[in-house]
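The primary structure of each chain is shown beneath.
There are 4 protein chains.
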Amino acid sequence: MYDVCVQLLQDRGVKLEDIAECAIMLQKDYFPDLRMENVLQDVKQVVAKREVQHAIITGINLDIMAEQGKLPSKELEDILMDDYSLYGVDEVLAYGICNIYGSIALTNYGYIDRVKPGIIAFLNNHEGPQCNTFLDDIVGAIAASAASRIAHGKEKGDNGEK
Amino acid sequence: MYDVCVQLLQDRGVKLEDIAECAIMLQKDYFPDLRMENVLQDVKQVVAKREVQHAIITGINLDIMAEQGKLPSKELEDILMDDYSLYGVDEVLAYGICNIYGSIALTNYGYIDRVKPGIIAFLNNHEGPQCNTFLDDIVGAIAASAASRIAHGKEKGDNGEK
Amino acid sequence: MYDVCVQLLQDRGVKLEDIAECAIMLQKDYFPDLRMENVLQDVKQVVAKREVQHAIITGINLDIMAEQGKLPSKELEDILMDDYSLYGVDEVLAYGICNIYGSIALTNYGYIDRVKPGIIAFLNNHEGPQCNTFLDDIVGAIAASAASRIAHGKEKGDNGEK
Amino acid sequence: MYDVCVQLLQDRGVKLEDIAECAIMLQKDYFPDLRMENVLQDVKQVVAKREVQHAIITGINLDIMAEQGKLPSKELEDILMDDYSLYGVDEVLAYGICNIYGSIALTNYGYIDRVKPGIIAFLNNHEGPQCNTFLDDIVGAIAASAASRIAHGKEKGDNGEK
Numbered sequence: 001m002y003d004v005c006v007q008l009l010q011d012r013g014v015k016l017e018d019i020a021e022c023a024i025m026l027q028k029d030y031f032p033d034l035r036m037e038n039v040l041q042d043v044k045q046v047v048a049k050r051e052v053q054h055a056i057i058t059g060i061n062l063d064i065m066a067e068q069g070k071l072p073s074k075e076l077e078d079i080l081m082d083d084y085s086l087y088g089v090d091e092v093l094a095y096g097i098c099n100i101y102g103s104i105a106l107t108n109y110g111y112i113d114r115v116k117p118g119i120i121a122f123l124n125n126h127e128g129p130q131c132n133t134f135l136d137d138i139v140g141a142i143a144a145s146a147a148s149r150i151a152h153g154k155e156k157g158d159n160g161e162k
Numbered sequence: 001m002y003d004v005c006v007q008l009l010q011d012r013g014v015k016l017e018d019i020a021e022c023a024i025m026l027q028k029d030y031f032p033d034l035r036m037e038n039v040l041q042d043v044k045q046v047v048a049k050r051e052v053q054h055a056i057i058t059g060i061n062l063d064i065m066a067e068q069g070k071l072p073s074k075e076l077e078d079i080l081m082d083d084y085s086l087y088g089v090d091e092v093l094a095y096g097i098c099n100i101y102g103s104i105a106l107t108n109y110g111y112i113d114r115v116k117p118g119i120i121a122f123l124n125n126h127e128g129p130q131c132n133t134f135l136d137d138i139v140g141a142i143a144a145s146a147a148s149r150i151a152h153g154k155e156k157g158d159n160g161e162k
Numbered sequence: 001m002y003d004v005c006v007q008l009l010q011d012r013g014v015k016l017e018d019i020a021e022c023a024i025m026l027q028k029d030y031f032p033d034l035r036m037e038n039v040l041q042d043v044k045q046v047v048a049k050r051e052v053q054h055a056i057i058t059g060i061n062l063d064i065m066a067e068q069g070k071l072p073s074k075e076l077e078d079i080l081m082d083d084y085s086l087y088g089v090d091e092v093l094a095y096g097i098c099n100i101y102g103s104i105a106l107t108n109y110g111y112i113d114r115v116k117p118g119i120i121a122f123l124n125n126h127e128g129p130q131c132n133t134f135l136d137d138i139v140g141a142i143a144a145s146a147a148s149r150i151a152h153g154k155e156k157g158d159n160g161e162k
Numbered sequence: 001m002y003d004v005c006v007q008l009l010q011d012r013g014v015k016l017e018d019i020a021e022c023a024i025m026l027q028k029d030y031f032p033d034l035r036m037e038n039v040l041q042d043v044k045q046v047v048a049k050r051e052v053q054h055a056i057i058t059g060i061n062l063d064i065m066a067e068q069g070k071l072p073s074k075e076l077e078d079i080l081m082d083d084y085s086l087y088g089v090d091e092v093l094a095y096g097i098c099n100i101y102g103s104i105a106l107t108n109y110g111y112i113d114r115v116k117p118g119i120i121a122f123l124n125n126h127e128g129p130q131c132n133t134f135l136d137d138i139v140g141a142i143a144a145s146a147a148s149r150i151a152h153g154k155e156k157g158d159n160g161e162k
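Residue numbers (my numbering), protein chains in the order written: chain P, 1 to 162; chain G, 1 to 162; chain B, 1 to 162; chain W, 1 to 162.
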């Protein structure tokens, strides 16, 4: 399932390195010496979690169904194709990811959702037929969760357990 | 959108009265005199909330796509058709509904998800091709939210605002 | 209880107008014509919610006990007096407020927690004996919730119910 | 901090074995062969989490302050001493614990909060001056989180990461 998710992300235009860059952006004020290779490990650990994988596959499947016009409800298709600002299920799925990584992940997600760095801005402004309504929130949630892993790990040399 | 959601629920075998019965079950130990006509109003108020409508339409669309074999990812189809117990996204969507109605809704949802009264047991044990992976959790979340409205309303004569 | 909460906030240095200013900051890119008198009504509606009041009184009581050195556990006193960045319970309480106002409130809270506008920066940088560990998060959560009310209300002429 | 929390729980009348018994009760329908020594390890892993420890110490400190009559706000003291049913901050703290362990923890918590097995009923019905408003919810949340660890671990031979 891990490989399925990494492939799905890549097919939609997101490499794990892109997510790691967002995580570095989120934490660089606190830890200026973060190295891509280490942060990439944090991103991979997040994507290795079962609940994260389920959110990834569900969200991206909804995006794909919307852009292919195959959703049973035309109302939902319109919402997803327009990325309607008061549609909150994409954020609910993102919070399902962040909750596992605690309150630091949640605040980082809220921040990243607003400032839209790097790949997230790219996904959000994407012209063309691809629907990224869920994808940008999922990417933000994975980056925020990796950032939480960094913050907890730097403090105690581990990931919150001792 | 309200009518679309009520119709979708009905097409999948759920009447608002079925949900009201679950809400009455949840609260009857505390308020033995609950009347269907009043509780039905609470259920309708919950379904009138925009975030609830978005959860309903999204979850049911996923159920339908799964049973029609139209999901892009075969792995997700298998998860949804089997109602895989560690999937979790169905509960995440349900929590997105309950959160709006506070902690009483959340605990009631956890309880109803376990004891599966009335329509929820029916949906869960349903034989045949219909996929109810999201539907039973959504119905439980609406019932739990209506129960929270009842609990708050009985206490203060309103719904938590004063 | 509403009056108790408004008084508690004021005793700790926060006027409802300060919170309204944060809410305006959060929404001014989307709604440049927001007026203080209207936003203040949204803030008051948030503070009128029972679950919000309980979070306010609980958080501020913890802040006061910490600064008075009366907490039973010295370890908790140290955490609160230092505003230890990995503590997290202050954010959990804040999310308890935001959840009631949906995903827009949650993302706005994450953003405000990071950029710390107006009164929140003041509380956070406050020199002197006052402990604001819970207060700044509570203020941020109320502002984010008011911002969510604005976003939903502007769209539909109400607060998410129709 | 781990030892501080275990001691605090014990001082308030809760042994880790009591929590393990609740976790076994929650999972025995699915895994009838659970052994106390293994489940106790799951409970210890939950209590070893930093965010869990912060919730434990904060909740129990509030209980103690309430029963000692030292809370600054008399209104909060009354709420905590009466275990007022619409006070939801205790559940919010409990959810802060459960969220880390995913949706299975959340539904198990909702269930345990309602059926109140073993130590939780004891805490809830406790006569005498001790205030257990936060304690019973914290104990339920730890048991539900341990139950989630069991469910995930039994399925894949690990705790949700692969």
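Everything labelled a hint here was simulated from the structure, so no lab data went into it. Possibly wrong hints are sitting among the right ones.
Just so you know, same-sequence chains aren't split out, so a pair can sit in one copy or run between any two.
[Unchecked claim] With a cut-off of at most 30 Å between alpha-carbon atoms, the simulated DSSO-like pairs for lysine-lysine come out as follows:
1) Lys44 / Lys15
2) Lys154 / Lys44
3) Lys15 / Lys28
4) Lys28 / Lys74
5) Lys154 / Lys74
6) Lys70 / Lys28
7) Lys28 / Lys116
8) Lys15 / Lys70
9) Lys28 / Lys154
10) Lys116 / Lys154
11) Lys74 / Lys44
12) Lys44 / Lys28
Comparing the hints with the structure gives:
Proximity of Lys44 to Lys15 under the C-alpha cut-off of 30 Å is restricted to the intra-copy arrangement: shortest distance 11 Å within a copy versus 37 Å between copies. For a Cα distance limit of 30 Å, the shortest separation of Lys154 from Lys44 qualifies both inside one copy, at 17 Å, and across copies, at 23 Å. Taking the shortest alpha-carbon separations for Lys15 and Lys28, only the intra-copy value of 20 Å comes in at or below 30 Å, while the best inter-copy value is 34 Å. Taking the shortest alpha-carbon separations for Lys28 and Lys74, neither the intra-copy value of 43 Å nor the inter-copy value of 32 Å comes in at or below 30 Å.
In this assembly of identical chains, the alpha carbons of Lys154 and Lys74 lie at most 30 Å apart only when taken from different copies (24 Å versus 47 Å within one copy). For a Cα distance limit of 30 Å, the shortest separation of Lys70 from Lys28 qualifies neither inside one copy, at 42 Å, nor across copies, at 37 Å. Proximity of Lys28 and Lys116 under a CA criterion of 30 Å is satisfied in both settings, with 16 Å inside one chain copy and 18 Å between copies. In this homomeric assembly, Lys15 and Lys70 come within 30 Å of each other (Cα to Cα) both inside a single copy, at 26 Å, and across copies, at 26 Å.
Proximity of Lys28 to Lys154 under the C-alpha cut-off of 30 Å is restricted to the intra-copy arrangement: shortest distance 12 Å within a copy versus 36 Å between copies. In this assembly of identical chains, the alpha carbons of Lys116 and Lys154 lie at most 30 Å apart whether taken from the same copy (25 Å) or from different copies (24 Å). For the identical chains of this complex, Lys74 and Lys44 are inter-copy neighbours only, at 23 Å across copies versus 36 Å inside a copy, given an alpha-carbon limit of 30 Å. When the C-alpha separation of Lys44 and Lys28 is checked against a cutoff of 30 Å, the pair qualifies only within one copy, where the shortest distance is 19 Å, while the shortest distance between copies is 33 Å.
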